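J.: Oh and the sequence shown: position 79 is 79 in UniProt numbering, straight run, nothing missing.
A few of these clues could be false.
Here are the computed lysine to aspartate or glutamate pairs in the EDC-like style, where the Cα-Cα straight-line distance is at most 16 Å [claimed, not checked]:
id, residue 1, residue 2
1, 246, 232
2, 209, 257
3, 93, 124
4, 246, 257
5, 120, 76
6, 209, 140
7, 93, 111
8, 209, 247
9, 120, 83
10, 209, 146
11, 93, 76
12, 209, 83
Simulated DEER-style distance windows between Cβ atoms [as the list claims (entries may be wrong)]:
id, residue 1, residue 2, range
13, 233, 212, 28 to 38 Å
14, 139, 164, 31 to 41 Å
15, 244, 74, 42 to 52 Å
Because the hints were derived from the structure by calculation, they are not lab data. Every value quoted in this text rests on a predicted model; they were computed, and no experiment measured them. All C-beta atoms in this analysis are idealised placements derived from N, C-alpha and C, irrespective of residue type, glycine included.
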Amino acid sequence: MTCFNDAIWFENTVRKHEESIFGIVVIGTIDISTVDQSIRDCRRECQRAGIDDNGPRKNMIFISTMQLTRTLDRGEFYCPTCESIQGYRQRSKRTFLTLYFIPVIPISAPEPFIQCDNCKSPWDLSVLHIDQRTHEQVRENQFRNEAIRSCVLMTLEDEEISEAEIQSLLRISRVILENPISREELGRLSSVAMHSGIETQNYVMTVSKRWNMQQRFLALQAMFLAASSCEEEVSDAKIRQLGRLKDLLELTETEFETVIEDSLMFAGV
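Given the sequences, and given the hints that come with them, work out the whole structure.
T.: Here it is in structure tokens:
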């Protein structure tokens, strides 16, 4: 209603100056959620151009665009953001040409999307075809890829990688992470890690935010085995990184020590 009231205000203001020629003011695209701000912006443009309730002396046609959204359907789906079954609205937005904020002519095709009722996240229609099991499998595969990258970074704390460490990383990917990779893929990951300059702690801090607690335990176990797989004594650089993992993974002292102790049974990996 505010939109139409202000449209009438503009029209009445313009009609006070019938003796003047018409000008045209083109205003940018208006999001319907911010129409009040757009109206205030237009009032300022009026005053800047000399149109107000008391007078200058030129009529103007206000042309703009506005996105209108409507609900087409409702239902339930698995929301990847909420990680649970939630209600959704299938909505469609379309851009219209407006005169004095009144939608007149559609100038774009309808754009359908899915909006979660709980978190309000917008999704492509294809999200309706993703079930919980599929999503969880995608997340699990992502974790295992991130965990092996963390192990590679831990191994490269010495800025080199030995044949023994290569074999250990291949076994870790197969036995611990159950995500076997080839020697060629390991070489690619190592090359990327060396050239990117990413520090182990920064990478782990970033990716571990989406890991659940069981995944954090498993990643810690894998990184500990990667750090201790060298034929010589574990370097100070690796020891420092291992010491930071407790806080990075937000583990208690007991949890951290338990995972390290459990890792010893895989010491031959």
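J.: Against the earlier hints, flag every one the structure doesn't satisfy and list their numbers going up.
T.: 1, 2, 11
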